[in-house]
Every structure is written in structure tokens, then in C-alpha cells.
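Q: Listed here are the chains, written in short residue letters.
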Amino acid sequence: MRAYLMIIANCIKSTFTYRAHILFQILTSALMILVQFFIWRAVFVASPGGIEGAVVRGMSFDQTFLYVSLAAALGVLMRTWTDWDMNGQIRSGDIIMFMFKPADYMKYMFSNSIGFMAGNLISITIPSAIVIFGFFGAPLPGVLNTLFFAFALAGSCTLTFLFDFIIGTTCFWTMSIWGISAGKEVIIAFLSGALIPLGFYPEALRSVMVWLPFPYMYNLPLSILTASKANPLVWAQGIGVQLVWVIVILAASRAYYRYSLRKLTVNGG
Amino acid sequence: MENLIHLENVSKHFKVLNRREGLGGAFLDLFSRNYRTIKAVDELSLDIARGEIVGFLGPNGAGKSTTIKMMTGVLMPTAGSIVINGMNPFSERVKFVARIGVVFGQRTQLWWELPVRESFKLLKEIYRIPDDVYRANLARFEELVNLQELYGQQVRNLSLGQRMLCDIAASFLHDPSIIFLDEPTIGLDVAVKAQIRRLIRALNEDKNTTIILTTHDVGDVEALCRRIVMIDKGKLIYDGTTAAFGKLFGSYRTLRLMCREGEFDTMDALLPSMREKFAISAIDTQDKENHWYDITIDQDHTKLSDVLSWALNTLPVKDVQIQEIKTESVIAKVYAGGK
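Residue numbers (the working numbering), protein chains in the order written: chain H, 11 to 279; chain Z, 17 to 355.
Here chain H stands alone, though its shape is the one from the complex (with noise of 0.2 Å):
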């Protein structure tokens, strides 16, 4: 456990290793939210009742953006590479350095992941929403959001892991993930109301959806964090489904990852 806790350090001081990387990454996500201001702005102020009055699908303007600008400054949270370290990996054939150490591939990477969080947690997002709430002035969530969405936010954070984690995988098989990672980035970005809050989908498209574990990752977090009444019941029910699906992908991963181990080192490679 110390070594993975170790693990989780140092990737945070990799992280900082190198500084012009970071600011990069803030002037980046400072731009994206920007231009998401822009964007819906301009959506409001065509709707009847202006940028002041007008409710569209159930939200006002400050609530779209306050939603939109925090799945970015998520998204660029969760954003760690894994499939593309594990790709690298494979491919190069390095991974057979961690085939050496007494330890577990997959908590090894997921430990990884995590610090890589924590160090986009310091460096990117807690800027990013400084801008949000402090330039931009949103309002300040609740202390009792706060406290769900940190529960919800551990959960999406696992399921991104996760699903990097199969793609990774699959790399085993296919020895590039180039199309495959894209499909991935676009399937969870489109399902997960990481782009547009769900609510402004087609009322047929969200009945789909919600037997799905995408909104659990963007949706789930953000709707509780955003949400102007406290509705405890309904989002611990929420976190509830979201531990369901954790479980039965990590569950699925494992298994896969296990097999696509097993062949090639039975079959050779």
C-alpha cells in the first residue's frame, strides 16, 4: 500500500517537472472556458427573455455556464493519458519492466492516474476555478453540493481510469490505439454531458442514456454541484447507480486485462 501511495507522489512531482507544460495548460483551459462563455451567451441572448431572463430547458444562463466551464475544468482534471502511456508501453515493449516487479500492473496505473489528478487538481483546475467563480463571478456551490460532488467526483474519476484502462489494453491486440482512443474521447464526451448539459438532448436520446455509465461521469457530478436545491436523497441514489457501474467495469477490465495478458504471454509477443 505504501508503494502505491508512493507512486501517487511521485507522479504529482513528475507533474511539476516541467513548468512551461502547466502553463500552457492554464492559458488552454483559461481560453476553452472562455470561449464556452461566448458560446452560450450567444445561445441566451437569441432566446426569448435575453441573456437576463431566459430559461432554456430548464436553465438559466449563469447555471449553463456555471455547468459547461466545470466539465472543462474536469475534463481537463481527469485527463491523464493512461491509454497513451499504456500504448507507449506496449508498444516500446517497456512494460515488461513492471512484468519484473512484485506489484500490480493495474493499481500500479492506477496510482498513476491518481497523482497525475492530484497534480492537474494543483496545477490546472483549481485556477480554472478561480476564474470561474472569481472573474466570472458564479455563484459559490453549497456546502452540502460540495460534499456530494466530492463522492460523485472520486467515482467519475475511477471510470475514466477505467475506461483509459480498456483502451489501453486493447493495444495489446491491435499495437496502436490511435482511432480507437478517439472513438473512446468522443463516445464519453457526446454520452456524458461533458460538452452540453443533458438536459438540452432529445427527451428519446436521454431515456437511453441514463441506462448508460457515461452521464455518471460528467453529469452526475456537475448536476449535483450545479444544482440550486439540495436534493440529498437523489443524488446519494445517483452515487449509488455511479458505484454500480464502477464495480461492474472494473470488474469487466480486470477480466479483460487479465486475458489479453494470458494470451500474449502464453502465445508469446
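Think of the hints as simulated: they come from the structure by calculation, not from any bench. Careful, some of the hints might be misleading.
As the list claims (entries may be wrong) - Calculated cross-link-like contacts (lysine to aspartate or glutamate; reagent style EDC-like; alpha-carbon spacing at most 20 Å):
1. H:23 with Z:129
2. H:111 with Z:141
3. H:117 with Z:108
4. Z:31 with Z:68
Claimed, not checked - Derived contacts from chain Z toward chain H, CB cut-off under 10 Å, selection only:
5. 92
6. 102
7. 112
8. 113
9. 120
10. 125
11. 129
12. 138
13. 187
14. 274
15. 276
16. 280
What the hints assert, rightly or not - With beta-carbon atoms standing in for the labels, derived distance ranges:
17. Z:55 with H:101: 39 to 45 Å
18. H:12 with Z:165: 23 to 29 Å
19. H:98 with Z:326: 24 to 30 Å
20. H:269 with Z:308: 50 to 56 Å
21. Z:110 with H:31: 31 to 37 Å
22. H:51 with Z:129: 36 to 42 Å
23. Z:319 with H:272: 45 to 51 Å
24. Z:321 with H:184: 54 to 60 Å
25. Z:35 with H:192: 23 to 29 Å
26. H:195 with Z:108: 36 to 42 Å
The C-beta atom is built at its ideal place from N, Cα and C for all residues, glycine as well.
For chain H, the structure is supplied; the task is to place chain Z on it using the hints.
A: Below, chain Z alone, put in the same frame as chain H:
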């Protein structure tokens, strides 16, 4: 002597797709089920005792790496049995790897962006190394190769030689009973090679660590190994002492002669007489398009200097080189009658 490593009739077969030519062929290959089997390792049997340093030799693609991968539990043998440290490396991998160390000359186990110290500390946790063992080992590395000044440096800023020293030290941290070293001196200069050999030999003597060394550098073998195992096309073709092996190829040298432009006819005409005069073992014209002729000389029978001076006086020679005999030629000799 205690038997630490036992390989019995170990084989590893790979299924490889028969690839077709061209773009269309590459497309058809996507659906192809046309495989052939490659015997990367073929019925290999081997016993190694505790504390031995064994050199694995063989040309590229001979099956050395595959053998090492099976011995380290990464690959499962197609047939045969491997018992190392009383364990089956593949089925008991996690338990097994806790007692071995592995260094690949072309890869690193150190964290690229962090000071060397951080990687060592992490290894201490992963292998659960007790404090006193950890400190004693660091002190020993310090005595041998002066690593102190490297600990605080980021790995990406180390030279290849410094990184290799740290990688080797890292693999010894947890007092493994066996260390696998795959080309540890590849691409390093003479001074660093000497340092690395000193480190390996001292650590072998300290802890009686068994060392399996694969290399193309005959110098590594001569400096470290008392025993040589040679593998070619997946088969064991030589297993014996380094001294006996040295007799097999040590006295052979290759004299390379570069012919002057446009005088190949003269060269070709004179070579047979040279062959007769000096009892030359072989003349190889494989590299003739670059004007090189490779002449293999057995120094037990022929003086290299005689051949050289005769060649310089008689033949249309533009340039000369003298080389140690190539691994491939040694293999040919081993096949011819060594075993």
C-alpha cells in the same frame, strides 16, 4: 553445489502470420489465417548453480531473449519445465520476481523526471526492503562506484553510463538471488564498461548472487563469466568454461583488405596464391561491393604480421582492418567440430 536454476527440454513456439507483399497483400493480411510456427527455443536443458556468472551468447534472434523471458516468468514455455529458486516462474510470477532482479540495457526502471533517490525509495517499498539492508546496500554501492553524487540528479539528466550504473545498483537493492542482465554495457565507453564490470563482479562475490548475462561484447564475458552458454536457432550449441571457449575462437582474427578501385582482377588472381602460401582458413567476399575482402587467419598456424606485410607488398590494397572473429563465425566453428 546447490542447483538454483533448472531448465528441462524447454521449448517456445510462436505463431507468426505469413505476410504477403505490397499494399494489397497488407490489406489481405488483415483477414489472413495463414500462420507458420517458429521455434524460438527448442528443447533447451540447462542447470545453473548458486553464485555462478553465466554468459549467454548467440547472434540476434537466436532465442536468448525468449529464454530470459521464460526464466523471468514473463513468457510461458510451450513445453518443458523450468524450476528456479524452487518455483515455477510463470505460474508463481509475483512471488518469484520478488527474489530476482532484471536489467535491460535498452530500458530503464527509473523514473525519468525524478531524482534517482526517489526511484530507489519506491523500490524499497515495492520489495519491502528493511532499513538496515537498504542502508548497507547503498553504502556498498558508494564504496564501489561513487553513486552519491548521482542520487540527487533527475534521471533524464544522467548520461547513459551513469543511468546504467544506477539501474544495475537498483536491481541489486533487494538482495535478489538471481540477476538477469541483458546487454548491460551496450553503447558505453571503455571506462564505464570497466566500472560496470567491477560493480557486477563485486556484488556477485558479496552476496553470492547468481548472474545471467547476455551480451555481444566478448570483453564482458572474459571479464565476468567462468561459464558460457551459446544458443543458436533456439538450440544450445555450447555449454562449457570460458577458457575452453576462448581456445575455440580466441586465436582467430579477421584481416580485412580493401581493394583499390578497378584492380579487382589482380586481387582475385593473387588471392589463391596467398591462400596456399599462408594456409588461410577462409576468404570471404561477402562485402565485395564495398571493395572489402575478409580473410580469416588462425594465429596458431599463421603469423598475422606475415600475411599483412605480404598483402601490403603484393596486393592492390587501399586500406586494412583487423577484427576479432564475428559471433557468426564462432558458431560456424562450434558446429564444425567444437561440441
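Q: For every hint, state whether the structure bears it out.
A: Hint-by-hint comparison with the structure:
For a cut-off of 20 Å, the pair hint linking residue 23 of chain H to residue 129 of chain Z stands: about 8 Å separates their Cα positions. Distance check on the hinted pair: residue 111 of chain H and residue 141 of chain Z sit about 11 Å apart at the alpha-carbon level, within 20 Å; holds. Distance hint between residue 117 of chain H and residue 108 of chain Z is fulfilled; the C-alpha atoms sit about 19 Å from each other, no more than 20 Å. The hinted pair formed by residue 31 of chain Z and residue 68 of chain Z fails the criterion: a straight-line CA distance of about 34 Å is larger than 20 Å.
Interface restraint check for residue 92 of chain Z: the shortest CB-CB distance to chain H comes to about 5 Å, inside 10 Å, so the restraint holds. Because the closest C-beta pair between residue 102 of chain Z and chain H is about 16 Å apart, greater than 10 Å, the hint is violated. For residue 112 of chain Z, the shortest C-beta to C-beta distance to chain H is roughly 8 Å, which falls under 10 Å, so the interface hint holds. Interface restraint check: residue 113 of chain Z against chain H, minimum CB-CB distance 5 Å, threshold 10 Å, status holds.
Residue-level restraint check for residue 120 of chain Z holds (minimum Cβ-Cβ distance to chain H is 7 Å; threshold 10 Å). The beta carbon of residue 125 of chain Z comes within 5 Å of a beta carbon in chain H, closer than 10 Å, and the hint placing it at the interface holds. Given the 10 Å rule on beta carbons, the hint for residue 129 of chain Z holds: about 4 Å separates it from the nearest Cβ of chain H. With 10 Å as the threshold, the beta carbon of residue 138 of chain Z comes within range of chain H, its nearest partner Cβ sitting at about 5 Å, so the hint holds.
Satisfaction of the interface hint for residue 187 of chain Z is found here, the shortest Cβ-Cβ separation to chain H being roughly 9 Å, below the 10 Å cut-off. The beta carbon of residue 274 of chain Z comes no nearer than 38 Å to any beta carbon in chain H, farther than 10 Å, and the hint placing it at the interface is violated. The criterion of a C-beta within 10 Å of any C-beta in chain H is not met by residue 276 of chain Z, whose closest approach is roughly 45 Å, and the hint is violated. The closest approach between the C-beta of residue 280 of chain Z and any C-beta of chain H is roughly 44 Å, which is over the 10 Å cut-off, so the hint fails.
Against the hinted window of 39 to 45 Å, the Cβ-Cβ separation of residue 55 of chain Z and residue 101 of chain H comes to about 26 Å, which falls outside the hint. Between residue 12 of chain H and residue 165 of chain Z the beta carbon distance is about 28 Å. The supplied range of 23 to 29 Å therefore holds. For residue 98 of chain H and residue 326 of chain Z, the hinted distance range of 24 to 30 Å is not satisfied, since their beta carbons lie about 56 Å from each other. Between residue 269 of chain H and residue 308 of chain Z the Cβ separation comes to about 52 Å, which falls inside the hinted range of 50 to 56 Å.
With their beta carbons about 35 Å apart, residue 110 of chain Z and residue 31 of chain H fall inside the hinted range of 31 to 37 Å. At roughly 41 Å, the beta carbons of residue 51 of chain H and residue 129 of chain Z sit within the given window of 36 to 42 Å. At roughly 59 Å, the beta carbons of residue 319 of chain Z and residue 272 of chain H sit outside the given window of 45 to 51 Å. The hinted range of 54 to 60 Å is satisfied by residue 321 of chain Z and residue 184 of chain H, whose Cβ atoms lie roughly 59 Å apart.
For residue 35 of chain Z and residue 192 of chain H, the Cβ-Cβ distance of about 27 Å falls inside the hinted range of 23 to 29 Å, so the restraint holds. At roughly 39 Å, the beta carbons of residue 195 of chain H and residue 108 of chain Z sit within the given window of 36 to 42 Å.
The structure fails to meet hints 4, 6, 14, 15, 16, 17, 19, 23 from the earlier list, while all remaining hints are met.
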